[in-house]
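> Please take these sequences and the hints and turn them into a complete structure.
Chains as they are written, first to last, in the UniProt record's numbering: chain X, 1 to 341; chain L, 1 to 341.
One or more hints might be untrue.
Here are the computed lysine-lysine pairs in the DSS-like style, where the Cα-Cα straight-line distance is at most 27 Å [unchecked claim]:
no., chain 1, residue 1, chain 2, residue 2
1, X, Lys199, X, Lys133
2, X, Lys39, X, Lys65
3, X, Lys133, L, Lys92
4, X, Lys10, X, Lys38
5, L, Lys339, L, Lys264
6, L, Lys217, X, Lys266
7, X, Lys14, X, Lys133
8, X, Lys185, X, Lys133
9, X, Lys266, X, Lys185
10, L, Lys264, X, Lys264
11, L, Lys266, X, Lys264
12, L, Lys65, X, Lys65
13, X, Lys264, L, Lys339
14, L, Lys133, X, Lys266
15, L, Lys133, X, Lys92
16, X, Lys65, X, Lys46
17, X, Lys339, L, Lys266
18, L, Lys185, L, Lys217
19, L, Lys264, X, Lys339
Selected chain L positions facing chain X (Cβ under 7 Å, derived; list incomplete) [claimed, not checked]:
no., residue
20, Val66
21, Glu75
22, Asn96
23, Ser111
24, Val115
25, Ser119
26, Ile238
27, Val257
Covered by chain L, per the in silico footprint, the following chain X stretches (three or more residues, Cβ under 8 Å) [stated by the list, open to error]:
no., region
28, 21–34
29, 95–108
30, 144–153
31, 217–226
For the record, the hints were derived by calculation from the structure and aren't laboratory data.
Values in this document were obtained by computation on a predicted structure and should not be read as measured data.
Cβ atoms here follow ideal geometry from the backbone N, Cα and C, with glycine treated the same way.
Number of protein chains: 2
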Amino acid sequence: MKRGHQVTMKEIAKKLNVSVSTVSRALKDSPELHPDTKKRIVEMAKSMNYQPNLLAQSLRISRSKVLGVIVPELESHFFSSNISGIQDTAYKRGYNVMICQSNESYVQEISNIRVLVASQVDGLLISLSRETKNYQHLQDLYDREIPFIMFDRVTEEIPVSRVTVDDEHGAYQVTHHLLEQGCRKIAFISGPQDLYISKKRKEGYLKALAEYGISEKDSRVYISDLNQESNRQIAYKILEEEDRADAIFAMIDPVAVDVMLILKEKGIRIPEEIALAGFTNNPTSAVVEPALTTVSQPGYEMGQIAANHLLDQLDDIVSDEPQSFVLGTTLIPRNSTLKVK
Amino acid sequence: MKRGHQVTMKEIAKKLNVSVSTVSRALKDSPELHPDTKKRIVEMAKSMNYQPNLLAQSLRISRSKVLGVIVPELESHFFSSNISGIQDTAYKRGYNVMICQSNESYVQEISNIRVLVASQVDGLLISLSRETKNYQHLQDLYDREIPFIMFDRVTEEIPVSRVTVDDEHGAYQVTHHLLEQGCRKIAFISGPQDLYISKKRKEGYLKALAEYGISEKDSRVYISDLNQESNRQIAYKILEEEDRADAIFAMIDPVAVDVMLILKEKGIRIPEEIALAGFTNNPTSAVVEPALTTVSQPGYEMGQIAANHLLDQLDDIVSDEPQSFVLGTTLIPRNSTLKVK
Numbered sequence: 001m002k003r004g005h006q007v008t009m010k011e012i013a014k015k016l017n018v019s020v021s022t023v024s025r026a027l028k029d030s031p032e033l034h035p036d037t038k039k040r041i042v043e044m045a046k047s048m049n050y051q052p053n054l055l056a057q058s059l060r061i062s063r064s065k066v067l068g069v070i071v072p073e074l075e076s077h078f079f080s081s082n083i084s085g086i087q088d089t090a091y092k093r094g095y096n097v098m099i100c101q102s103n104e105s106y107v108q109e110i111s112n113i114r115v116l117v118a119s120q121v122d123g124l125l126i127s128l129s130r131e132t133k134n135y136q137h138l139q140d141l142y143d144r145e146i147p148f149i150m151f152d153r154v155t156e157e158i159p160v161s162r163v164t165v166d167d168e169h170g171a172y173q174v175t176h177h178l179l180e181q182g183c184r185k186i187a188f189i190s191g192p193q194d195l196y197i198s199k200k201r202k203e204g205y206l207k208a209l210a211e212y213g214i215s216e217k218d219s220r221v222y223i224s225d226l227n228q229e230s231n232r233q234i235a236y237k238i239l240e241e242e243d244r245a246d247a248i249f250a251m252i253d254p255v256a257v258d259v260m261l262i263l264k265e266k267g268i269r270i271p272e273e274i275a276l277a278g279f280t281n282n283p284t285s286a287v288v289e290p291a292l293t294t295v296s297q298p299g300y301e302m303g304q305i306a307a308n309h310l311l312d313q314l315d316d317i318v319s320d321e322p323q324s325f326v327l328g329t330t331l332i333p334r335n336s337t338l339k340v341k
Numbered sequence: 001m002k003r004g005h006q007v008t009m010k011e012i013a014k015k016l017n018v019s020v021s022t023v024s025r026a027l028k029d030s031p032e033l034h035p036d037t038k039k040r041i042v043e044m045a046k047s048m049n050y051q052p053n054l055l056a057q058s059l060r061i062s063r064s065k066v067l068g069v070i071v072p073e074l075e076s077h078f079f080s081s082n083i084s085g086i087q088d089t090a091y092k093r094g095y096n097v098m099i100c101q102s103n104e105s106y107v108q109e110i111s112n113i114r115v116l117v118a119s120q121v122d123g124l125l126i127s128l129s130r131e132t133k134n135y136q137h138l139q140d141l142y143d144r145e146i147p148f149i150m151f152d153r154v155t156e157e158i159p160v161s162r163v164t165v166d167d168e169h170g171a172y173q174v175t176h177h178l179l180e181q182g183c184r185k186i187a188f189i190s191g192p193q194d195l196y197i198s199k200k201r202k203e204g205y206l207k208a209l210a211e212y213g214i215s216e217k218d219s220r221v222y223i224s225d226l227n228q229e230s231n232r233q234i235a236y237k238i239l240e241e242e243d244r245a246d247a248i249f250a251m252i253d254p255v256a257v258d259v260m261l262i263l264k265e266k267g268i269r270i271p272e273e274i275a276l277a278g279f280t281n282n283p284t285s286a287v288v289e290p291a292l293t294t295v296s297q298p299g300y301e302m303g304q305i306a307a308n309h310l311l312d313q314l315d316d317i318v319s320d321e322p323q324s325f326v327l328g329t330t331l332i333p334r335n336s337t338l339k340v341k
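Right under this line is the structure:
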């Protein structure tokens, strides 16, 4: 081995044919790993004269007292309330917050990470873009031992902490409520199928249907790009079906609002002819008429929990062992679905 | 003078008893100044052996290709659309954007500036917090020759470029429209009186009233803190007046929506009994029932213009001479005011 060459975790991982995260866990003495695995890795690290990344460690001592946040977009109320929760928590603990927006672009997300790391933030809170399907940029961040956690739009492929909402249960709650109101032909307007939240919310929808004896083949799933044009097209499609739906559950509130405008335009009574529900509890959902039944997603609390956990890790109050926080949802029944009052 | 001491613009300003901005303008050969003043300053600078801030200049050559943005809050649709406009423009020109939120706090705004400057952004776009009444932190930024411009919430006290919306004309348009609809007892719900936009929008309101022979003493101005509780209290107060208003013009859409909920709760018909209008054209304003008459504020365009102008200054496409851009507003009449259809 060349003199002065610094052995990396990647090299140790390669030698032993294990993942970099396993090496990292072993060197952090994680209780998750089998003692034999741990021993094997620690011995290899010793024999290769591995030195922990001193730069990363020194950065961790000389703090910038700034956290970096990356969100897919800022125009959504959910992400802006995440940021408020992160920021209020960070300030209380003496930290500033710098925010970057990926604009749902994978390339932009990579560039955001680069810019924030160059600014020497102490840690990052990341919510992935809609386009992100490759996680090498996150793995690189992990390998460089730069502390970060993920929230809302997460991947399970990188061993860092995650804060999410119980999407499946939230969708189950809405669908179950519609079934209780007597609806049996419930259309579900989903977002793009590869989105994590699309999958989870569809699972909750199907689970509730199954409880009422409605099988997946009798389910009614429509895929929208989540923009107004796409939402409107789907609404027209649903209305034209021969055996028309008696309820529509839209994956997010803005979609439900777009659908509501079409139903009103067509003179269809809500909820008598078609019941309508959303997800998120955006401020708008309470002021449309009829007010929209939805599920509240605790965006502010999600931000608080994410920031507190990252700061706890930075301050060594908790270990770097990845945790998964799953926040509960609350059904908010309103007039757009309440047939039985 | 001590050897090695670097003379600042402040010292030149003090010697001549002029402002630092005047010195800066003179050294940039601004056409705004009287030639005699310019000559006097340039000669003093020479005699004091003034050297332009080389650090600032070198920073300007070795670019980070990052712009910093400071906004009062992110939960408002207006500011998030500003940011989208800034960001789309910056990306097209090869720049990244880092955002800080002051949370309407003066102290936080100062801290945001410090963090972004420490991150070596090439320039800043700043929208002031509600609390900011002292501008020394901006003067310091100016004296350090760090390029920045202001947008929406601006001050005229610092000689940098500003991008604003024509608040006065927008409020005039709404009030004029209400008068055309036959309303004569128009209540105006203003925000805190020291806010620049409160002043400007009130001026527009009073100007339209004056054209219909209604004097300021017969105007109906109410001051709200702009939170829901305060908005609701004002709505109740307006409804209890003996000579009740026949129209309400709320300074921003969210206030109008809060008022709408109270009017509906009380069974008051909109617009027949009371016409209602807002300002900003938030997405919500189009989906409430009745849809809300408002004025569109081009938030995205404001961001584009601000970012393009700052980048033009950085690239020496335009001079650093301060410019003032005032964007037009468009009245959007909807059912909440249309009595005459």
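> Report the numbers of all earlier hints that the structure fails to satisfy, in ascending order.
2, 6, 8, 14, 16, 26, 28, 30, 31
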